[in-house]
Every structure is written in structure tokens, then in C-alpha cells.
Amino acid sequence: MQRRHLLQTGSALGVMGWMSGCASSSGQGPKVVVIGAGYAGATAAKYIRMWSDYGIQVTLVEPNPAFVSCPLSNLVLGGSKRMADITSPYDNLVRRHGVKWVQDRATSIDVNKRLVQLAGGSALPYDRLIVSPGVDFMWDSLPGMKQASAQDKVLHAWKGGPQTLALRQQLEALPDGGVFAMSIPLAPYRCPPGPYERACQVASYFSQYKPKSKVLILDANDDVTSKGALFKKAWAERYAGMIEYRPKHQLVDVDAASGTLKFEFNDDLKANVLNVIPPMRAGDIAFKAGLATANQRWCEVDFLTFESKAAPNVHVLGDAIQIAPAMPKSGHMANQHGKTCAAAVVALLTGQSVNAAPVYNNTCYSFVSAKEVVHVSSVHRYDADKKTMLTVPGSGGLSAAANELEGVYAFAWAQNIWADTLA
Amino acid sequence: MKKIVPWLVCFGTATLFSAQAQTAADVRSLAASCAACHGTNGNAQASMVTLAGMPQQVIVQKMQDYKAGRVPTATIMHQLAKGYTDEEINAMAAYFAAQKK
Numbered sequence: 001m002q003r004r005h006l007l008q009t010g011s012a013l014g015v016m017g018w019m020s021g022c023a024s025s026s027g028q029g030p031k032v033v034v035i036g037a038g039y040a041g042a043t044a045a046k047y048i049r050m051w052s053d054y055g056i057q058v059t060l061v062e063p064n065p066a067f068v069s070c071p072l073s074n075l076v077l078g079g080s081k082r083m084a085d086i087t088s089p090y091d092n093l094v095r096r097h098g099v100k101w102v103q104d105r106a107t108s109i110d111v112n113k114r115l116v117q118l119a120g121g122s123a124l125p126y127d128r129l130i131v132s133p134g135v136d137f138m139w140d141s142l143p144g145m146k147q148a149s150a151q152d153k154v155l156h157a158w159k160g161g162p163q164t165l166a167l168r169q170q171l172e173a174l175p176d177g178g179v180f181a182m183s184i185p186l187a188p189y190r191c192p193p194g195p196y197e198r199a200c201q202v203a204s205y206f207s208q209y210k211p212k213s214k215v216l217i218l219d220a221n222d223d224v225t226s227k228g229a230l231f232k233k234a235w236a237e238r239y240a241g242m243i244e245y246r247p248k249h250q251l252v253d254v255d256a257a258s259g260t261l262k263f264e265f266n267d268d269l270k271a272n273v274l275n276v277i278p279p280m281r282a283g284d285i286a287f288k289a290g291l292a293t294a295n296q297r298w299c300e301v302d303f304l305t306f307e308s309k310a311a312p313n314v315h316v317l318g319d320a321i322q323i324a325p326a327m328p329k330s331g332h333m334a335n336q337h338g339k340t341c342a343a344a345v346v347a348l349l350t351g352q353s354v355n356a357a358p359v360y361n362n363t364c365y366s367f368v369s370a371k372e373v374v375h376v377s378s379v380h381r382y383d384a385d386k387k388t389m390l391t392v393p394g395s396g397g398l399s400a401a402a403n404e405l406e407g408v409y410a411f412a413w414a415q416n417i418w419a420d421t422l423a
Numbered sequence: 001m002k003k004i005v006p007w008l009v010c011f012g013t014a015t016l017f018s019a020q021a022q023t024a025a026d027v028r029s030l031a032a033s034c035a036a037c038h039g040t041n042g043n044a045q046a047s048m049v050t051l052a053g054m055p056q057q058v059i060v061q062k063m064q065d066y067k068a069g070r071v072p073t074a075t076i077m078h079q080l081a082k083g084y085t086d087e088e089i090n091a092m093a094a095y096f097a098a099q100k101k
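Chains as they are written, first to last, in the numbering used here: chain Y, 1 to 423; chain S, 1 to 101.
These are computed hints drawn from the structure, not numbers from a lab.
Small disclaimer: the values here were computed from a predicted structure and weren't measured.
Hints are not guaranteed to be accurate.
The list that follows gives simulated cross-link-like pairs (lysine-lysine, DSS-like), each with its CA atoms no further than 25 Å apart [unchecked claim]:
{"id": "1", "chain 1": "Y", "residue 1": "248", "chain 2": "Y", "residue 2": "146"}
{"id": "2", "chain 1": "S", "residue 1": "82", "chain 2": "Y", "residue 2": "387"}
{"id": "3", "chain 1": "S", "residue 1": "82", "chain 2": "Y", "residue 2": "386"}
{"id": "4", "chain 1": "Y", "residue 1": "100", "chain 2": "Y", "residue 2": "81"}
{"id": "5", "chain 1": "Y", "residue 1": "248", "chain 2": "Y", "residue 2": "210"}
{"id": "6", "chain 1": "Y", "residue 1": "210", "chain 2": "Y", "residue 2": "270"}
The whole structure should be built from the sequences, with the hints applied where relevant.
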């Protein structure tokens, strides 16, 4: 109680001085727990440490041994990159920034006692909690996919990791003349242009090694949801006769044993390799904690602080949130969420005012071949009347055409955002 | 960031002060929106421009050139620059100029 009293009544300067004095000792200073070390969570952890002058303690809960990037993971499917190229260690967050990394899984949150329960048995207390769990899948909407055996055979590969490599291996095993069929859910989903980039990457691999093979895109949406004209041009000109795009194909079930996709209105479809990108929602821990209040799928937040509208002292970031208008669920955007939230959390825990007018941007590169890239960009500014983030009129846009220069920039973007997030 | 020489002479009386309403922390957060591509505090990894330690007026002029469509080689910065006000650009440029390389 003494500490909380001090935080509420002490001057900002006094609190910061007190915190700095305690920075090197353990058990002192406000406690922040971050669940999930993806683009949002790892960024928030690093920036809270930096921006609190290393006075706020940050514990990062992440079961994976290393960070595997979703952006660029389609290049592993295309064969121009390997898993090691998209994998980064968490060590720098610990060594350089003094983040305490707990390699465990959060199983529940007690928002009243302010405790995070871990699978390993221990519990972590927090003054403020950041939940950045990414997405999990709504298997109930595809009954045949509920079995683990079906999920082992029909892959999503929509989280950078083991499934990325496993899908690559399925493509390698596909005979020339075979069909790769990918199902895309209705928006919103993680990484709007990702499926269309994936089609390009699989076709790029096929055109080199399996030229009689086909890529079939079964999209629940009415049309390509991002960079539509640019992708359609790539499909028509680079991969003519190889990629077929079919919109308005709402998947309702999958028969994994026979390799069959079943649609609401269209005929069943069989293919050699099925890739089902399922409907998705906020990650399980957010869902279980009752934070996913928007259609039981996404977590509503205050865009000044990213504090949950369902639970005090709990912030939600990244793909798990109910997005603002025209805000994509992207890694770049998650990194921006992480910093906006970090600034707010530091301000709230040190008695300073929260930034009333956040501005940030999105930059998203998609590879239409191993080297050529198309981008979409946008700038997002807080609207105090509407209490949400809105794109700035006249800003943002698309590449004029696919080009190699932006391919160089896309790799540079990856190196920089990985460093900004993790080092 | 090529061709920065010709317009240095154009720099004169432009105001290069932070907007009064922005606190130092707000400017730091604003500048952090560049870091995903240009590195934490403007210290970039390979193949991207390092903004840390670059003179304020150089950054301001470049951003204004992007904003006005005067950089024919622009791929993305002309689109992003249009989303920031002149005051924000001035403040971010001052922040990066003050960062250690």
C-alpha cells in the first residue's frame, strides 16, 4: 500500500527519482507483466524499460524459445528464405534492457487480484498487465477441423513457426501437376494481404520446379481484401494460367481425410495440399479472461492507452484488438501499438499525463516474387471526438507497380523492425 | 537520402521549434513511429537511413520535399510524410538531431 500511495501522491519527478534509485535491485518499482512476445508485446516490454529509465519492472511471459516472424514467412514457402532467416533470439531484451523473460504459458488472469497464473504453477502479480496474445482460431466454425489429427494434416501456417516449415514440406512433396488450394476467411483476419502474397510465393516455387501445378485461391470475401489490383496484375502477368482466384467461397467444413473443402454455396473441392486459414479471434488467454467483448472475437480498447474496455489495469495490443477503421492487423501496426501503450503505461505508473494525440503509421510490403515487392502504407491519427484512430486524409498509398528496389527496402524493414522490437 | 545538397541553401527562416502543446514524452512517442523502419531512436540497421544525429533542418527539408512531391525516387516516404503536420515534422527532426549515433 505504501508504494501505491507514493505513486498516487508523489510528484512525477520524485517518483521517477525514487524509481531510478531502485532500478538495479529486484522487487522494487511498479510491476508490469506482458503476455506474449510478438511484435506488440516484445516492443512494449522493451520500450517500457527504456522510457521508465529502467525503473519499471517488466516480466515477459512467452513460451516459445525464439521469435519467429510472420512477415517474410511466406518466403520460406516460396523457398527463397529459410526458418533461420526469420528467427531472432529474445536474449537482447533480457541482457540489454533487463526484461525478465519467463518461458512459460499464461493460463488465466485474475483481474481483481491482479495475478497472472502460469502453466508451470507460479503466479505473477502486476500493477499493469499487457495482453498481446495474437490470434487463435475459431475451429468451431469448421467441425471437421476440431480433431488434432485434422489440424496436423490440413495446415494454416498463419503463425510463424513449425507449421511454416511443415507446409513448405507439403509443397515439396506435391507432385508436378498437383493442386495447392488455400482458403481465406472473411475479414478481419491477421495480415490482410498475406494470403495473396502466399499465392504468389507458392506459384513462384511451382513455376521453377513444378510448372504443371496449380494454385487455387478460395476467398470468402467478395474480392481481394488488400493491394487487389497489384496482386491481380502479378497473377495475370507472372503466373498466368497457374493461379486461379475464386471470390465468395465461404468455407463451412473440411474433410481432412479425403482432402476436401466444403463451401456454403459452391461445390466441394479436392486438392493435393489444402491450406486452410481459419476464421480467427483474439488469442485464447484474452478470450478466456473475458476481454474479447466485440462479437466474442476481438478486444475493445481505449486508443490513447490501449487499456481494455472490459478490465481495468489490463491493456491489449496487436492482432487481438478490435481495430479502428482502416487499421490493419499487421506486425508493423502491432509494433506501433506496443510503443503507444508503453508510453501510456509509463505515464500512468509515474503520475504523468498520457499523450492525448497519438500518431503512427503502417507500412506493409508483400513479395510477389523472391525479389519484387508491392507496398501499402497509411498514417493513423487519434480523433478526440470519435475516440478512435483515423487515417489522415491524403496520406498513405500503394506502390505504382511491383519493383525490386522495394524488395531491398522490405528486407531492410524486416531487419529494422526486428531490432526495434527485440534488440 | 540522396540529393540532400541542393536544397540546403533554401533553408532560411522556417520555424524549427516543437509545438508548444507537445511534451517531450509526446515528441519521443511521435518519433518512435519512425523506428520500425529507421531504428530505435533513429539508429537504423543496414540498408536504411539513420536519422540519429542528422541535423534538424536536413530532416525537415527532406520531409517537406517528400510532402510536396519533390523527391522523384520516393517509394513510400511521400505517402507517409503527408500524414504528419509541419509542427510534428519539426519536433521529430529536433528529436532525431539530438540522438546519439
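Tested hints:
For the hint pairing residue 248 (chain Y) with residue 146 (chain Y), the CA-to-CA distance comes to about 24 Å; that is within 25 Å, so the pair holds. A hinted pair counts as satisfied when its Cα atoms are at most 25 Å apart, and residue 82 (chain S) with residue 387 (chain Y) qualifies at roughly 22 Å. Between residue 82 (chain S) and residue 386 (chain Y) the alpha-carbon distance is near 22 Å, which keeps this suggested pair within the 25 Å criterion. Between the alpha carbons of residue 100 (chain Y) and residue 81 (chain Y) the distance comes to roughly 31 Å, so the proposed pair goes past 25 Å and is violated.
About 28 Å separates the Cα atoms of residue 248 (chain Y) and residue 210 (chain Y), which puts this hinted pair outside 25 Å; it is violated. Pair hint residue 210 (chain Y) plus residue 270 (chain Y) holds up; C-alpha atoms about 19 Å apart against a cutoff of 25 Å.
Going down the numbered hints, you'll see the structure goes against 4 and 5, while the others check out.
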